[in-house]
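Asker: All chains, full assembly: derive it from the sequences and hints.
Take a look at the letters that make up each chain.
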Amino acid sequence: SQTIHQWPATLVQPVGSPLSLECTVEGTSNPNLYWYRQAAGRGLQLLFYSVGIGQISSEVPQNLSASRPQDRQFILSSKKLLLSDSGFYLCAWSVGTAGNTIYFGEGSWLTVV
Amino acid sequence: GQQVMQIPQYQHVQEGEDFTTYCNSSTTLSNIQWYKQRPGGHPVFLIQLVKSGEVKKQKRLTFQFGEAKKNSSLHITATQTTDVGTYFCAATRLHNTNAGKSTFGDGTTLTVKP
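Which chain is which? The protein sequence lines are A and B, in order. Per our numbering, numbering of the first sequence is gapless, rising by one per residue and ending at 113. Per our numbering, numbering of the second sequence is gapless, rising by one per residue and ending at 1114.
None of these hints come from the bench; they were simulated from the model. From the three backbone atoms N, C-alpha and C, an ideal C-beta is built for every residue, glycine too. One should not assume that every hint holds.
Covered stretches of chain A, going by a simulated chain B footprint (3 or more residues, C-beta under 8 angstroms) [as the list claims (entries may be wrong)]:
#, region
1, 16 to 26
2, 39 to 48
Straight-line Cα separation of at most 16 angstroms, EDC-like style, residue types lysine to aspartate or glutamate; simulated pairs [as the list claims (entries may be wrong)]:
#, chain 1, residue 1, chain 2, residue 2
3, B, K1057, B, D1018
4, B, K1113, B, E1017
5, B, K1101, A, D85
6, B, K1113, B, E1015
7, B, K1036, A, E106
Answerer: Now the structure itself:
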């Protein structure tokens, strides 16, 4: 069966510090991978998605970046965090075209102080 | 970009009352999905609707897809405290099924008073 792992689960980072959130998927090949952000009590904002290794599409301009060094690994990074980067970050995967089920990881709570 | 409007944003009900959330699109959809996110958790897939006028049921939950495939609803009969959470729709526009092109509504947060 397929599983998705995302870490760390929670982190508190000072403004201006770097960020690295990592996500891996097991049990499937060539998944579509996603990073979403959810501000407290708000909806899901798609940040990045990837249909293959090295293929990253950015949906929202920001100081974040994403990389996909391996087929089932997706990394969200920042060189310098802003206060507004605080939120709940969700990694997710799907297969095939849009409209197929999206499976979310447990999420990472980021607080920038 | 594709706009998906979900209403209401919040709904507070007494346990036993019914609850409905609506998802509306200005464009014809290929399909629509519904997800539930419990407080502090992550969204979990509930169901997918594909056909015009489709109705699906999961116990006390009834999902409908409009005849024009532009809107959908989720109805919960006789809510229970276990129904609390945020319900999201995710819509895929017809003829635009590239990965990343599903759009989530902003969600409806349901609270249930015992």
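Asker: Which numbered hints does this structure break?
Answerer: 1 and 5
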